[in-house]
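Trainee: Sequence:
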Amino acid sequence: MTQAVLGTAGLVVAFVFEVAGTVALAVALWRRRRLWRDVGLRLLVVGVAAVVASVAALEDALVTHDFALSYVVQNNSRETPLIFSISGMWSALQGSLLLWALVGGVYLLGLAWVLRHEDDWVVGATALAILGVIEAFFVGVILFAASPFALVSGVIPVDGQGPNPLLQQYPLVLIHPPMLYAGLVGMSVPFALATASLWHRHLDDAWLRRIRNWSLISWVALGIGITLGAWWSYQVLGWGGYWAWDPVENAALLPWLIMAAYLHVAVGERRRRRLSAAGYGLVAAAAAMTIFTTYITRSGVLESVHAFSDSSLGTVLLVFFGLVVVGAVVVALARADVLTQPGARPNGARGTLLGINAALLALVAVVVLAGTIFPLIDYQVSHASVNVGAPFFDRFVVPLSLVALALMALAPWSRWQGAHLDELGSRTLAPAALAVVVLVVAVAAGVRSLATLGAWSLAAFVLVSTVAAVARQLAARPRGRRLRAVASRQVAGMIVHIGVAIVAVGMASATTFGHQGEVRIARGHTVSVYGQRLTYEGVRTVVTPQKTSFEAEVVVDGQGRYYPAITQFGTYTTPVGTPAVAVSPLRDVYLTIDAPPSTSSSPITLGVVVQPLIFWLWLGAATIAFGGVLAVVGIRLEPSGRRPSERPEAPVPSVVGADA
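The working numbering puts the first residue of the sequence shown at 1, with every later residue one more than the last.
Note that these hints are calculated values from the structure, not bench results. You can take every hint at face value.
Listed next, with one range per pair, are the computed distances between beta-carbon atoms:
1. GLY110 with LEU323: 22 to 28 angstroms
2. ARG636 with PRO81: 42 to 48 angstroms
3. ALA390 with VAL46: 47 to 53 angstroms
4. GLY110 with ARG273: 22 to 28 angstroms
5. ARG636 with ASP394: 35 to 41 angstroms
6. ASP337 with LEU151: 53 to 59 angstroms
7. ASP159 with TRP30: 50 to 56 angstroms
As the structure is a prediction and not an experimental result, all values here were calculated from the model. Positions of the beta carbon are idealized from the N, C-alpha and C atoms, including for glycine.
Given the sequences, and given the hints that come with them, work out the whole structure.
Mentor: This is the structure we're talking about:
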């Protein structure tokens, strides 16, 4: 009861102070009074503190099992372990919206801290006012339509039903949603900065760098969140895959793709010292897509294994999505002269390649968006349920991705000034030759999938070309400064491209050469399945306060012991499968119980999935994340050799994350 009072009071205070702070910032901009700006910031800080208090109240209610709150009854039980009690806050609609408000408040405070000494306070105040509006909207939605502090009507139950079984099988649920939200919510920061600087016609190098840096932060966080979600799906859902083109998966991927396109455009923008119409459009689209993601995830309009709630908030979220889009269009039209003015310098061949890659990423986003919303549109028109599955997405996304890989291999050697095609050809001759060798060897080995052949050969092209470009860049620096250069922002984008090539190899290999089937094994017997030796040792029942697991003991290739299981959680009557995965760099062996034995000595039916090289998918994703982080926090190097005015133009590596 106390937590309900404190939590609700926190939401009321947060909403009032967020609205008041935003109004104070608007007054400051209208009257050009810095005093009002300071008042507005203080009010926003109090509002964010109140959100933190509400989060603390809900977490305390979950950890102490306060079943006076309906939300706790539905998402917690006395047997729920501590980590899943904590993660229960984002296990359903109301708590996940509160997490959104918390992350939004953290970003708001972070941006206010960064801009605290900015001389041109008007632009900063405008950006903070935009974030204040977004924060006030989500706090208002929680307070008036989706409060997690609603009390139980009638008798307070002695226990709750616990979290959804899929949300209490794997500790990753403690990290994946907060990281995903850090990326999604963070997209609003570059949008606010770009809108404010564009509106006030203040687009110097410092503001362009800020937009780019905050874009990188949110893009990296969202990429990590998506990867963790794919890993969670692989480890928990029992189907042996990591990506199903599910509507919620697609909705999270959309802003990541759009922001990746912007980061390519941003390199040229920094070079030309201006914000382009394409750049602003991509930043605004990424921010708008985060609202669309919330709509898809939390409105219940589409069926998804990732959507754990159904609500009536769809209309509210769609209206806000529309307001964001309309607002961005109005700003763009009002400042069209700024967006279309000529840049300081031409972009040359490198700028052209970056632009093409950005267009490819944006086109992939359009394809994903079309496939995701088509069932919604078709249902409204014909009232028929249509499923757009993997074949549709693969038909378009795979060819576009292969073209993007090819451009990645060429980009490191292109110049900002002039085409220099002869030099580009000589620099990429060795990597291209290796790509051809990989292609010939793969065909000779019997590989016939065009997508796999393209992915392998182009990934080899990218890897060799990128490593050679980095080596050339390092060789151009004094010996004592090469280690420093490795940790630089200039190398960061190259690391991202290497990660993309590794991901391509892992995905293509697992898709083409993976095997899935069933095997029936008697206790104590060994069978060979898809080149793996499986020995079934028997079954056991493991009982904990949280769950009861029926486990099979299986030895893989005479080495590790693994325990696929069928698990019953708390009051949930439907058991769920719990896979076991034998991981190695060359292949994963994925085991599930498809049919339990009738007695302890009877045969068991196991589901077996063999995924070659899928480890490289996770390694590549980690490499991309590392490169992205390095692009944010890495060392900014001065040009090597002579001063820039004395140094001739040379083909140095093209970097998504480096300063132009």
